[in-house]
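Novice: Sequence:
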Amino acid sequence: MIRRRIQGAPVVRKRRGAAAASDGAEAVVERGFGGPVTPGSPAPVPGHLLDRLVQIHGLEGSVVPRMVDEGPQSSEPVHANGLVGLAVHWLRDVRKYVVCTFELIHLDIAEEHLVAYEPPSPAEGGFDVRWPYQRAAFFDFCASVNDALLAKGWCVVQAFKSPQMREEAVAAARRRDYEVPKEELLPDLLGRRGQGKVSHMNPLLLTGVEEAMLERPPASDLEGYDQDITKLFGMMGPMTWDSMGFQSFGRTEAMTWVPFAGSREQNALTPEPLNDDDIERDDVVGRHVQFLRRRRLCFLYMVDSEGGKLTLHPRSDLKREPVTIPIQRGRLLVFRCDLMTFQFQPQGHHLTLLSWVLEPPLKIELGDIIANSESLTEVMGIKEGPLVPQGMRAHIMSGCCLTGGNVMSLEGAAMLYMGATDAHVFVPYSRFDTDIYFTKDGDNDLRPYENSYHHHGGLCSDDSAMSFDYSFFSLEPAEAEIMQPQHQRVLEVGYETLFRGGWTKSTLQGQRLLVYVGDSGTDWWLNLQTRTWMGQHHGYAGDSRFEAARHQSITGQRLSYCLDLRGECWICDTACSSGLTAFCTAMYSIKKSSDRNTKTTSLDCHCPGALAGGTNMISDPSVYVGACGQHMLSLKGRCFTFNGTGDGYARGEGTSMCYVKISDSDRDTELQEASAIGNKVNQDGRSASMTAPNGPSQQMCIKASLREAGVMPHDITASECHGTGTSLGDPIEVGAVRKVQIKVPRVEPLMMSTIKATIGHLEGGSAMSSMIKSITQVSALSCLPTGHFRALNPHLEHSTFDSNFQTECARMHYTTGNSHVSSFGFGGSNGHGIFWGEGIVDTGDIKALAMMSINKRPLPEVRPVGTNPDNWDSDWPAADGKDGDKYEVVIDQDDTEETPVKWTLVEPAPEEGEEEEMESCEITGNFNDWTAERMMAGSVPGVHVTTLEIPESGTLEFRFLADGDEEKVIAPAVPKCTRKTAKILGPEKGPKNSWTVHAEPGSELEVQLFFTKKWRSVTWLKPED
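If you're matching positions, the sequence shown starts at 1 in the UniProt record's numbering and goes up one per residue.
For the record, the hints were derived by calculation from the structure and aren't laboratory data.
Everything numeric in this text was worked out from a predicted model, so none of it was measured.
Wrong hints could be hidden among the right ones.
Calculated cross-link-like contacts (lysine-lysine; reagent style DSBU-like; alpha-carbon spacing at most 35 angstroms) [to be verified]:
no., residue 1, residue 2
1, 152, 363
2, 882, 992
3, 182, 309
4, 886, 992
5, 968, 992
6, 739, 661
7, 902, 661
8, 363, 886
9, 902, 739
10, 902, 882
11, 980, 882
12, 591, 976
13, 992, 980
14, 968, 980
15, 231, 319
16, 739, 636
Using the sequences and the hints, build the whole thing.
Specialist: Here it is, written out as structure tokens:
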């Protein structure tokens, strides 16, 4: 844009209400395309040529140019007849126009020597649009260029440039370094049969739209020409999406093009063919292929020339005739290089600038990453640590626990274990009459099998242990009153686990979910026996509820019944290993036949998952009294695992459960808490006694789990021990671990710990609570410590293998970890589980991490055969690829960081016509018991609106159904999503995630869904907002 101040003709700028300019002042009135802007009165009628192109004629002699404030200029008289320019100002007093010619010469010309000028067509030597003289007209100018491109695919712009500017640009161009493009690349850069030398250009080094909008003074006149291209791109770039269907992502740096200085230079700079270094090392071919596929517009600025012609050749499928225009200095040609090519045939010397506008890189949807564990681990940026599990694997999608220390979630458990907090309390009188059953002087007044010297336990609070929302599970108060505490806790913890996994009561109905629960028995039958003596059972005559309340066999069946689950239900009692045995059996049941070469035992081998857990509740003194009679419980009331003072175990209670599913999905790996990669159970057989631990059997169980997981002993990062604190059990367990570990040297010490010093021994629920700790360990990448550990048990032999017994929280050395769990029942049933996970703090989207790693590798390989890039074979995405195409990447174990990526198309993006428009939308959530409610159509197409009332809980959950179809769910990519900017899935079958909003109960909230083929968003706000 030209903004010159004309000497001797001051511009009058008058503020509204200000006094008029003084008499006699020669005023120059600035105008835009919209008409005259006068100091206070309408422009005179003779000014009708203002802002119009005019041609000068009928002058006698020459005209002295008018001087301007800036820029190179000449005061030499000019023969003006025949010159064309723009009437930029009207000099009222002398009744002349200031005409700015295309050579940027300002002349004072009387109106009678001017005639309106209509430029001929570009093919006849004219132009389509002139460069604007004033800043205010620049947007309209860019819109005119955009309209011409839309109409015919090209546009010729006439610029205002002085001879001095042109000469300075030519002089600056001579000082540049030049090269000749490779023979195969020459036609793509210089057109058909193009010749000459060019300055170096990186075709992928771009200037974005935002940067282009910034104004910087040019360092030279040659840079001024380049800035003209930048300004035009910056203003016109955002228009191309609506007008021409592509997004202007950025423009390349300008490439300076000049002819050879002579035949000697031409012979010396003969284009060379591509060589191996261009293809493999320097990525010249890869960058060029990407440049060709992304370029959409070409700017060809004819800075200086001595004539010639330029021909535009449209693509053959457009069925248009070629267009030939003369080469003229000061002309800028903008054309759709994706629709046509060009042939530049100059006569003599020329100086030309070339720049291209590129669209964004193709948005590739990464499908499957085919790689072994080692290669995939490297792609994900995991440099050290256990490898990412591959193939069909067990994903622990959610977990929940209720234990001592008021723990009600995995997060709470992690905090409790991290501080090695002692969760033991004196058994409250609400459980039973402690005055009768507890000794007053330790074991000094112990009467075996009559009272207990052990007075503490890792107990849940009475509120958690005795409160139960029976109505939520559609139970009657009379039935809830006589239910075992285990049954109540399994219902509550089991449903919360499934809820955290994305299920609700309505979506669970009829699902073939397996329920496997470890329960080693209850004291509750004594409570019912007392009720029987009191005759209360007669109130349940003809009713099975009283009988069901005393049976251990329906601990899990109650959950299946209340939630209408149709999968296999099984109760496991192997004493202390019940929970882990139940989990291992569940894993065996949901694996498909091909995964373990045997027939599945479940009703449906395609069941969506399993709920596994363990439970134990203390409601009677009988176990305290019986265990103290055998001196199994600690005299000090705590578990002193690994400690020299270990003298027995301490009791605890709680319920822990996890929801697990089998799949090979990387998406499940993203959302999971951990992966269960190896789980085995075996039996001691005949050992020293029925209840004595068997070291060799424990070793066999650990080794079998390692084989199933496909890991080596040194891959173990942390080991969660059974560790009851007995003088016999702890050394045998550590000895079994030692004999497995000494086979292979370790890089770092094995970290060993146990939770029993924190929450006690939960008996039937013990193994599952240890599993929960292992899950939190791999999520936090830390080994959580063992409490009450001061002096090592002298019978523990661990000197021959590298290990640490953790007394404080210790960070793992890697970004992934394996945590192992051992659990041993006193009847000889051994269980061992291996759990893999990555730190939740450092975890990102797996495919996003993979894309970051892939993008660091060399560009895909191109195999140029011939001179036409369209015929070259390459590993790039398809040349006609679209956003949303799904590709597969194969990563071989022999690949290095220097191995080029190979993209293989597996699923093309749906065509515009293939995606159905959503005619209506319905919303479902907890506000309407997950039934469907029709939303109103908004004022903007694609917008759907409804107003909801926040439920009494203060939490609103919702998702959408396209056209009311339950198989077209629209939901967030993450469960319990509170962010409006989260990725939106669907419409598709299966998503169970929902948006979650916390607000004042009873208040109203307006929910809006904007959903079109290209755009989608969800928002919510108060109606008054």
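Novice: All hints, please: hold or fail.
Specialist: Cross-check of the supplied hints:
1. 152 to 363: Answer holds: residue 152 to residue 363 is near 29 angstroms, not above 35 angstroms.
2. 882 to 992: holds (29 angstroms)
3. 182 to 309: Distance of about 24 angstroms is within 35 angstroms: holds.
4. 886 to 992: Roughly 24 angstroms separates the two Cα atoms, so the pair holds.
5. 968 to 992: With Cα atoms ~12 angstroms apart, residue 968 and residue 992 stay inside 35 angstroms; holds.
6. 739 to 661: Roughly 33 angstroms between the alpha carbons, so the hint for residue 739 and residue 661 holds.
7. 902 to 661: Measuring from Cα to Cα gives roughly 32 angstroms; hence the hint holds.
8. 363 to 886: holds (9 angstroms)
9. 902 to 739: violated (45 angstroms)
10. 902 to 882: OK: residue 902 and residue 882 at ~17 angstroms, within 35 angstroms.
11. 980 to 882: Distance ~27 angstroms between residue 980 and residue 882 Cα, so the pair holds.
12. 591 to 976: holds (28 angstroms)
13. 992 to 980: holds (17 angstroms)
14. 968 to 980: This hinted pair holds, its Cα atoms lying about 20 angstroms apart.
15. 231 to 319: Measuring from Cα to Cα gives roughly 33 angstroms; hence the hint holds.
16. 739 to 636: Status holds; Cα separation ~32 angstroms.
Of the numbered hints stated above, the single one contradicted by the structure is hint 9.
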